[in-house]
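So the sequence lines, in the order shown, correspond to chains A and B. Residue 606, in the numbering used here, is where the first sequence stops; the numbers in between run on with no holes. Residue 606, in the numbering used here, is where the second sequence stops; the numbers in between run on with no holes.
I should point out that these hints are in silico values taken from the structure, not numbers from a laboratory. In this text, a Cβ means the ideal position worked out from N, Cα and C, and glycines have one as well.
One side of the interface only, derived from the structure: several residues of chain A facing chain B at Cβ under 7 Å:
#	residue
1	I197
2	I231
3	P239
4	R496
2 protein chains.
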Amino acid sequence: MSIDLKNSVGIVETKSLDITLPAEGFLLESGNSLAEVTVAYETYGKLNAEGNNVIFICHALTGDAHVAGYANDDAASKGWWDEMVGPGKGIDTDYYHVVCANILGGCSGTTGPSSNNPATGKPYGSSFPHFTVTDVVNLHHIFLNQLGINKIAALIGASFGGMQAIEMSLTYPSMIEHCICIASAASLSAQALSFDIVGRTAITSDPNWNGGDYYESDNNPDNGLSLARKIGHITYLSPAIMMSKFGREKNREGLDIEALKETFLSDFEVESYLDHQGDKFVGRFDANSYLCITKAMDEFDVEERYGSLDEAFSKVECKMLVVALTSDWLFPPYQSQLVANSLLRMGKHVSYATLCAPHGHDAFLVDVEHLSEMIRAFLPWVGPRYNGKSDSSIAVTESRDTVQSDEYDRILKMMKPGSKVLDLGCGNGDLLSFLTENSIDNGIGIDIDVRNVIEVIDKGYAVFQDDIDSGLAMIADDTYDYAILGETLQVVRKPRLLMKEMLRVAKEGIVLFPNFGKWSHRLHLLRTGRMPKGGAIPFEWYDTPNIHPFTVRDFVDLCAEDDIQIVDMVCMTSGVVDSVLVRLGLCNAGANRILVKVAKQDSVAL
Amino acid sequence: MSIDLKNSVGIVETKSLDITLPAEGFLLESGNSLAEVTVAYETYGKLNAEGNNVIFICHALTGDAHVAGYANDDAASKGWWDEMVGPGKGIDTDYYHVVCANILGGCSGTTGPSSNNPATGKPYGSSFPHFTVTDVVNLHHIFLNQLGINKIAALIGASFGGMQAIEMSLTYPSMIEHCICIASAASLSAQALSFDIVGRTAITSDPNWNGGDYYESDNNPDNGLSLARKIGHITYLSPAIMMSKFGREKNREGLDIEALKETFLSDFEVESYLDHQGDKFVGRFDANSYLCITKAMDEFDVEERYGSLDEAFSKVECKMLVVALTSDWLFPPYQSQLVANSLLRMGKHVSYATLCAPHGHDAFLVDVEHLSEMIRAFLPWVGPRYNGKSDSSIAVTESRDTVQSDEYDRILKMMKPGSKVLDLGCGNGDLLSFLTENSIDNGIGIDIDVRNVIEVIDKGYAVFQDDIDSGLAMIADDTYDYAILGETLQVVRKPRLLMKEMLRVAKEGIVLFPNFGKWSHRLHLLRTGRMPKGGAIPFEWYDTPNIHPFTVRDFVDLCAEDDIQIVDMVCMTSGVVDSVLVRLGLCNAGANRILVKVAKQDSVAL
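Given the sequences, and given the hints that come with them, work out the whole structure.
Right, dumping it as C-alpha cells:
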C-alpha cells in the first residue's frame, strides 16, 4: 500500500526527550521514584510567536505519541488519529502546534516496565513501581516545561486520554485554556472495571508472565495478552456495529472444520477478527505495560481523590467541552454527563454534547465528522479566520428579521444588565448572541439538536445538548437570574413541570408563546369547524410540534394555580409590541404571541 | 442456614433414567453416536388423569435438572428457579406436573464429556462427540417418551433454554401446546458469540486443559474455566445493577494491599464478586461441558438451518409467548422481537412483551414478579379456577358501561363475522373480548402497557407490547381485515403516518375519536378564551394525552388529501348513536365522539 499525503502532516518521526531530573529522580505518588525517565513524543504544526497555539493530546490506553501522519512509507504506519489531526482537519496543523507524548509506563518510547532499570541494567519487569494517573500527568507537565511550553491553548483527550485531561485540568489548572474530554469519565463504571479485571487475570494466569519477569525468557505471556486485548476489543465496539461488520458470517477459507470442532475454535468471522486483533496487539504492546496502565486507569477516581466531583471541578479554570458518544457502552454518556453537570454546578464555562456515533467507544477514532466540527468550533482562535470558523455572530445579526428583532428587544428590556441567563431550547444561539452583545453575560443554552449545539459553541457560548422534556435535574436551584422559554413551552410533553423546573433553577422566567386564544383562531374553529391554523400557528393538526397549545388565559390560570406571579406581560401583534392590548385587557383576544415574565409568588421583589 | 419450605416443593431428589436405545445407540447429527445415555431429571406436582398438565422446562447454559425445592436441608441447595416453580407460584405445582432434565453434554447427571465412555471405561474427555441443539432436543424427546409423556401442555425455556424451546417447537410441533420463550433468540448476536469465543479461549489456553483430557490428572483447567465464568457473569448483569451492587466500593478486609499491587489484583468488591463466581463455578461445572455446550449454543441458528425465520416458524403449531427483558444486553429485546415478528407474519398465535427488568439477562431468575404473572396468565387451564387466573371476561362484561357498550355494538356492526382484527392500543382487551364473544375471531391487540398486556393474555388473546408511535413495521401488508384505533389517533406523535400504516396492514380501518369540533368546545374557546375541556375531552391543556386533537372536518380533510375513503361514519352524543346528526350533516358540530370506517380509495368494495 502506498501512502496518501493529502491533508497529512506527512512522514513524521517520534522524538525522545531525556527528562532532566533532580537528584531524587522522578517522584511517584507511591513514594517510589525513577532515576531516569525518557519521554517519546511527536509534534506537528509550528509554535507561533505568541506561544498561544499549543494543543496537547493525551492518548488512550494503548495509544502512543504517533497521532498523525506516517512513520514510514507503509500505509499501515498511519497515526492513530490521523482523521482528526492534519492540515485543514478538525485539529488544523496549519494553525496549531500539536504535541502528543507516550505516557509513563508505556512501551512506545516512554519509560515503562520494559525499559532498562539503570540500577540493574536489565528491564524493570516486576520491579517497575506502581503509578497513578496523577503520576502520568505530572510527567507530562515536566515534559512540556522542558520542551519550553508553559501554556496549553487546548488540552484534548478521549477515553483514558480524557481521564488524563481531566486530571491535568485539576492539577495544573492555570496552564490550560481549553479542555476537550471525549468519551471519558471521572472514574470507570463497575462493568468497565470488571472487563479490566478479567483482562489482567488472563495475563497473570499465563504461565509465561512469570510474575512480570519474562523479558529475558524466550516466551512472553502472549496468550494472556492476546486474550485481554480480545476482551477489550469487544467493549470498544457497539453491538450493532459488530452485527453489521461480522454478524454470524463464516469464513471457512483455509480452515480445517473437523479440527476446529476438536479445538473448540470456530469459523465465525468475528473469531478471525478477534484473533487478528489479539495477534496484532501482541506484536506491538507489552503485557506489563497493559497491566500497570489499566491498573492506573481503574484506580483513577476524581470523587475519591477530591472528596466529590464538585470539590474537584471547582478547581477548573479553563473552558470545557465534554463529548459523549451515543453507542459507547464502555464509557457510557451518563458518565460524561456527571462530569459536565458538576462543572455546570460549579459555574464553569462548560458545553456538553452526545454525538450520534454508531461505532461504540471506538467511534472517536472513526465517526469523526461531527466530532471534528465540534472540536473546530470550540478551539480558540489563533490565526486569520478560515473556512471552518465562520463569523457567525455577524451573519446572524444581519439575517435576523424584524419580528424576531422586536421580540429580542423586549426580552432584553426585561433583564438587568450583567445577569446570568439560561436559554431553554436555545436554537442556534441567536438570542444568546444578541443578549451578550447587549451586556447580558454568562449565557448558557440548552438544545436537543446537535447542529444547533455546534453553532452555539462556534459563537463562543456554553451549551448543553439535552432534551428539556426530561427535566433540568442537572441544574442546581436558583443558578440563573433568568430562564428563557422561547416558543418552547407548547412543544414539550410536560409544560406544567417545565414551568416549575424553570422557576426552580432561575429567579425569574421569560416565556414567549403563540397565543391559541387569538380571536382569529377562535373564530376559525367556530366558523370552519377546523383546528386553528395561521399566524403564529402555521402547522397542520397532524404534524404540529405544538402538542400542548394554550391561550393567554390558560397560562394565567396555571400561574395562579401554581403560585407563579406574572411580573410583566407584553403582547405582540404582527411582530409589534401592542401596549394598547394590555391596557385594554385584550391580550388573549388580540395577541399573536405573548411574552411573559414570571417569578415564584414568594420571591418577587417589585 | 435453615431452609424455608413455605410455597416450596420441598426436599427433592434428582432421578436418573437410562435411556433405552437401539443397537446403533443415540445418533447425533454429526453421524457419531453414543452407545449409552443417561438422563438426570426432576419432577414436581402430579401428572393428572387427562395427561394434559405437563410443563417441560429447558434449563439454561450451566443449569441442571434441579429447578425447585431443596436438594438437602442446606439453604444453598435451593433449585435455580425456585422463585418461579412451586405451590401457588408462577408455575404452580398444585396444578401442573413439572419436568426438567439436564441436557446432553452436561455434567449434572446426564451423559457428557466427564461421563465414562463404555468403550474404554474412562471419561470421554476429548473423545466426546460434537453435538448440536437439535441433538439436545432429540434426547429430551426420547427421554419424555420413555417417561410416558407424549404431550407437553407448556414448554418453557429462558436464555439457552429458550433456544431449546424454539428448536423443540420446530422439530416436534405436534407435541407442544404452549411455548414460552424468555430472554432468548433464534441465534446469538456477534457480540454474544465474541464473549463465548474468548471464554472458550480462556479454557483451551489453560495448560491444564490438555486438549480435553484432564480427568485423570491432578490438575483441572480451573483458571481457564473460572476466567470464562467471570466473563459470562459480566454479561449476565446490566451495567446499572453492577453499579448499584458493587459500584467502585473497596473491601480491604483481610487483603494485603501492597501484595495486591504487585499481583495486579485489586480490592474492588466487584473483583471479589467475580472471584467468588469463578471459584463457585469451578466447584460445580466441568470445563469440557462448558466448551461443548457453548459451542452448540453458538452454532444454533434457526435462519441458517431452515433457510429463513419465516420458513422455520411456519412449522409452529403451539401458542407462543415471547418475553424479552429491558436491560438484557446478552439477548437483547430486538432478538426476541425477530422471533415474535416472524411468528406473527406466519399467522401464528403469538404474544410478545418486553418486561421492565433492571437486573439484565439474569433478571429471569430474580425479577420474577411480572414474569410470573405473565406466565400464569398464558398457561393453559388445567384445574379449578384459582387466584391468579381471574374470570376476567365475565367481570369485564359486567363492568362495561353503557357508553362503551353502545360504541362496541357499533364497531361490531361495521365488521363481517369471522374477520381478522388488529386492535391498535387495545387496552385491557375488553373490545377484543366483546368482538370474540360476537364471532369476530383471530383478534390481536397492541398495547404499550404491561399490565394491559398481561390482562389481554389472561383473556386468551394474542397481544404485542409495543409503542404504536414507532410504527407497525413488524406487520406485513394486508394482514388483517380491520384495524381499530379506539381513542388512540389523537394521542400519537404522528397521526397521519399511523393512518397510512393502519391501512397498509388492514383492508379497512375503524377509528373512534373525540370530536374537538363539537359546538360546546368551539363556544368554550370563543367565549372563555380557554382551551376546550369537558365531555369527551376531560383534560387540562398541560397534561392532556390528546397531543393532536382534531375535528371531524379535519379528519375528513386529511382522508381526502391522503386518498382515504370514508366508508361509514357514526356520530355519538352522550354515548348514544345519533343518526339524525349524520343525516343533517351536523356531525362536526354535534358529536362527542365519532366512529369512522375508512379504506384505501382504490380498495373499497361497496
